[in-house]
Structures are given as C-alpha cells and as structure tokens.
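K.L.:
Please work from the sequences and hints to get the whole structure.
Quick note, the sequences are listed as chains H and E, same order.
The end of the first sequence is residue 252 by my numbering, with every number in the run present.
The end of the second sequence is residue 252 by my numbering, with every number in the run present.
In short, the hints are calculated from the structure, not lab data.
You can take every hint at face value.
Which copy is meant is left open, so a pair is good if it fits within one copy or across any two.
Here are the simulated lysine-lysine pairs, DSSO-like style, with alpha carbons at most 30 angstroms apart:
1. Lys77 / Lys90
2. Lys77 / Lys87
3. Lys87 / Lys170
4. Lys170 / Lys77
5. Lys65 / Lys90
6. Lys151 / Lys77
7. Lys156 / Lys89
8. Lys156 / Lys62
9. Lys90 / Lys156
10. Lys156 / Lys77
11. Lys89 / Lys65
12. Lys62 / Lys90
13. Lys65 / Lys156
14. Lys77 / Lys65
15. Lys89 / Lys62
16. Lys62 / Lys87
17. Lys77 / Lys147
18. Lys151 / Lys90
19. Lys65 / Lys9
20. Lys77 / Lys145
21. Lys65 / Lys170
Number of protein chains: 2
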Amino acid sequence: MKTVHEVSKLAGISVRTLHYYDSIGLLSPTETTEAGYRLYDEEALGRLQCILLFRELEFPLKDIKEILDSPNFERNKALEQQIELLKLKKEHIENLIDLATGIRMIGVKKLMSFEAFDTRKIDEYAKQAKESYGTTPAYKEFEEKSKNRSKEQEQKLGIDMMNIFADFGKLLEHAPEDAVVQEKVAELRAFLTEHYYNCTPEILSSLGEMYAGGGSMTDNINAYAGEGTAEFTAQAIREYCAHCTGGQHSLE
Amino acid sequence: MKTVHEVSKLAGISVRTLHYYDSIGLLSPTETTEAGYRLYDEEALGRLQCILLFRELEFPLKDIKEILDSPNFERNKALEQQIELLKLKKEHIENLIDLATGIRMIGVKKLMSFEAFDTRKIDEYAKQAKESYGTTPAYKEFEEKSKNRSKEQEQKLGIDMMNIFADFGKLLEHAPEDAVVQEKVAELRAFLTEHYYNCTPEILSSLGEMYAGGGSMTDNINAYAGEGTAEFTAQAIREYCAHCTGGQHSLE
DNA sequence: TCTTGACTCCTACGTTACGTCATACTTTAT
DNA sequence: ATAAAGTATGACGTAACGTAGGAGTCAAGA
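P.N.:
Structure below.
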C-alpha cells in the first residue's frame with residue numbers, strides 16, 4: 001500500500017493528478033484510511049500504468065476510462081482508431097510546416113527582394129573590390145563556396161543575413177561607435193568571411209556604402225529591420241574600418 | 001463597413017469569435033454605432049486575415065497579438081521558432097504512432113499467439129480438407145496468394161480476422177441461426193475466400209470445429225472476443241453449412 | 001508531551017479559445 | 001405596428017490539471 005506521494009514519485013506524476021483521477025472515477029484508491037488518506041496497491045499501480053500509456057498516446061481521459069473498463073478487442077479497435085487519428089495529425093502538421101516555411105520565404109523574398117542578396121550581386125561587388133587590389137586566392141575560395149551551395153542553403157544565408165540587420169535595428173539607440181555595435185560589425189564581417197570570401201576592411205567598407213546607397217537594398221533593409229538601420233549600419237562600418245586599418249576608406 | 005455577421009461569413013468564423021477577439025484586444029472594431037454595434041473596415045479585415053493565418057499555424061492568440069504589434073523581423077523569427085516547434089511536434093507524433101503500432105502488435109500477438117493464425121496452419125487444414133476431395137486449381141491460387149504477402153500484410157489479415165471474431169463476440173446474445181449471425185458467417189467465408197482460398201462449406205466446417213476444438217486457438221479467441229465466442233462461432237458455422245449444402249457435415 | 005516539519009485533505013479559482021444558452025435591445029422587412 | 005433577424009452583454013461549460021489556501025494528520029526529536 002502506497003500513499004499518494006509515493007505513487008506520484010513512482011509514476012512521475014503529481015499528487016494533484018491522483019486526486020483528479022480519483023475525482024473523475026478513473027483511478028480510485030484501493031482503500032482510504034480513517035483520516036481520508038488514499039492508499040494504492042499493486043493492482044491500482046498496474047491500472048495507472050495503463051492509464052499513463054493511453055494518455056501518452058493522447059487519448060482523452062474519458063475514453064481511457066471506457067477503454068479500461070471494456071474487453072480486449074475494444075482496446076485494439078481504439079488503438080487502431082487512434083493510430084489513424086495520429087496519422088491525420090501528422091499530415092496536418094506537415095502541411096502547417098510547409099505553409100509556415102512558404103510564408104517565411106514569401107516574407108523574406110518580399111522584404112529583401114531577394115536579388116539584392118543574390119550571390120551574383122555580391123559577386124560583382126567582390127570582383128570590383130578585388131580588382132582594385134588585384135585578384136587573390138581568396139576569390140577562388142569564394143567561387144567554390146558559392147557554387148557548391150544549394151538554393152535552400154542560399155535562402156538560409158539570406159535569412160541569417162537579415163537577422164544580422166535585425167540586430168542592428170535593435171541597436172539604433174546606441175551610438176555607432178558603441179562596443180555592442182562594433183561587435184555586431186565584427187560579427188557581420190565574420191559571417192561574410194565564413195560564407196562568402198575573406199572580407200577585408202576594404203570590402204566591408206564597400207558593402208557598407210552599398211547598404212546605405214539609397215537603392216532598393218537600402219529600402220528593404222529599412223523595411224525589415226526598422227527605418228534608418230541601413231544608414232546606421234553603414235556608419236557603424238565606417239567607424240569599424242577607421243579603427244581597423246588606420247582610417248582609409250576604400251570608396252572615394 | 002461590415003457588421004459582425006458579414007465579417008463572420010467572409011472569414012468563416014463565428015460572431016462569438018469576433019466578440020472574443022474584441023474582448024481580449026486582439027481585433028477591435030474600427031468603430032461602434034451608438035447602439036454598440038461593431039463595425040469593421042477593410043484594414044480590420046486585413047488584420048483578421050493575419051490573425052487567422054497565424055492561428056492556423058497554431059500560434060496562441062497572445063503571441064499573435066504581440067507578433068502583429070511588432071516589426072517584420074519579429075514575425076519572421078516567430079515563424080522560424082514555430083516551424084521548429086511544429087517539427088518537434090511532428091517528431092513526437094511519429095514516435096507515438098510507432099508506439100501505438102507496437103502496442104497493438106504486442107496485444108494481437110499475445111492474445112492470439114500469432115502462430116494459431118499462421119498461414120502454415122491454415123495451409124495444413126486446407127491441404128487436409130482438399131485431400132479428402134482431391135486437389136483442385138484453387139489450391140494453387142492459395143499458394144500464390146500467401147507466398148506473395150509480406151509479414152506486414154499477414155499481420156493485418158490477422159487483425160482483420162480477430163475483428164471478425166470480435167463481431168461474433170458481440171452477437172453472443174443472439175441464436176446461432178439468427179440472420180445477423182448467419183450473415184457474419186457468410187462474411188467470414190468471403191474473407192477466407194478472398195485472402196486464402198476458395199472456402200467451400202466443407203472447409204468452412206472444418207475450420208469451425210478447429211476454432212472450438214479446445215486448443216490454444218479456442219482459448220485465444222475467447223480471451224480476445226469474449227468467453228464462449230469460439231464455441232458460438234462453431235455452432236453458427238454448423239447452422240450455416242446445414243442450410244448451405246443439404247445438411248451433411250464434413251467432419252464425422 | 002510538545003512541537004516541528006513533512007504529508008495529507010478539500011475547496012476553489014486560473015488556464016485556452018471559444019460554444020452555448022439566456023435575456024434584452026436594435027434594425028429591417030412586411 | 002409587428003414579427004423576424006441581428007446584436008450586445010453576461011455567465012457557465014469545456015480538458016486536464018496547476019496553484020494557492022486553510023486545516024487536519026503523522027512520525028520523530030527535544
């Protein structure tokens with residue numbers, strides 16, 4: 001004979017749950033002491049096991065009660081039904097995942113008019129920047145990296161990129177030279193270096209001016225991350241480059 | 001400006017839902033008439049669209065409220081989170097399906113000690129029955145049918161079979177010669193004919209005596225479908241055969 | 001023996017997203 | 001003018017407990 005506390009620890013449920021199951025007649029204690037304490041024996045524990053099993057399978061407690069008080073074949077029928085129901089649920093969730101993924105993609109595409117971050121564009125900027133300083137082995141690295149990526153991976157990178165801008169948008173109240181902002185710039189640079197090419201201060205600077213250049217890219221960044229984010233980011237990048245390489249800007 | 005009724009029809013939701021959304025501040029009407037009637041304009045309808053979209057994705061209304069009142073990037077982050085959450089749910093449900101399927105199998109196997117319905121056993125009975133009347137082309141049909149089935153298909157047939165016995169178990173209060181019971185016998189015969197071999201009255205009769213023969217098969221049937229079902233089914237089959245071919249029994 | 005702390009009881013409200021009355025008022029159609 | 005249809009508010013019900021409160025119970029130490 002175990003008390004509610006002991007049973008609750010054994011079964012990994014709360015005492016309240018035992019009270020509740022008693023109150024709805026799903027699991028009555030084997031006996032009660034004169035003081036009204038509930039006591040459960042092994043058989044009751046077995047029934048509780050069954051209850052928890054069916055509960056795990058998302059059966060409503062009402063149904064569990066019926067199932068446990070009915071013959072074997074009813075249980076199997078119930079199980080089959082539940083399997084069907086779970087399969088339907090799974091299908092539904094799969095549809096939801098597709099829907100949500102689609103919406104996110106629409107949102108991302110619409111807000112940043114995806115071409116703006118299309119590899120080829122960045123490619124061009126990289127080329128231009130590289131040309132002014134000569135072609136290096138790093139450019140080949142970039143080509144390899146970008147050619148091996150799937151459409152899906154590109155999209156994920158675009159999203160990550162937008163999230164970095166979203167972070168800048170949250171820092172608008174800070175000064176561009178603030179440590180937190182400068183760290184974000186460093187993060188942006190690291191991100192570009194990892195996924196595109198070795199992002200030198202010169203390239204970074206060039207990109208910064210592109211962000212704030214007033215084109216659709218500027219608009220998209222501001223629409224997504226908050227008005228003024230593009231300009232703020234550009235300013236932060238200028239600060240970063242000034243302290244990074246001695247103050248020269250690659251744009252003139 | 002549309003009234004609650006019009007909006008509800010347009011959006012496919014209830015008037016109560018509009019009341020509720022107003023009460024929790026999720027969607028306030030554009031204005032209210034002097035009599036207190038709610039009126040919604042196009043913008044409100046747009047917001048409602050968004051609400052229903054996020055609701056479809058199983059966002060809690062509280063979260064939807066926050067999301068709609070926050071900038072774009074928050075929405076995308078929320079979407080990503082929700083996608084993760086939905087993926088977890090999907091995984092969970094897949095586990096549940098496996099669990100339920102496993103339990104059902106255990107139940108079926110344990111209750112009917114699956115060998116009893118193993119094709120080979122029925123095979124033997126079929127052979128014996130056939131031998132007394134000579135080998136016919138139907139036997140080859142049976143061999144082909146049973147050899148081409150997968151383990152899974154066999155199990156499904158076993159379950160279907162048990163469900164037929166469960167049906168007999170529900171008819172215990174009827175007389176074996178009752179029309180409903182006799183129809184069940186016909187169903188059993190059709191089932192065997194479809195999945196195993198052309199089930200003549202002789203074979204059917206033989207199987208009936210096997211069910212009630214007192215072995216493990218009898219016990220399993222009774223345990224699963226209710227005490228006395230095996231004997232009841234056998235009696236019903238005798239009745240069926242008596243009216244079917246003029247009264248002779250194939251067993252002596 | 002008294003007290004303390006751990007344990008138990010029951011009552012009752014909070015949770016989510018509405019459905020379902022019940023009652024009373026307004027608008028529209030005849 | 002009157003009936004039908006629409007609207008508003010308020011309150012209770014749902015599933016499966018969580019949480020809080022107040023009070024009684026039990027075993028053990030001082």
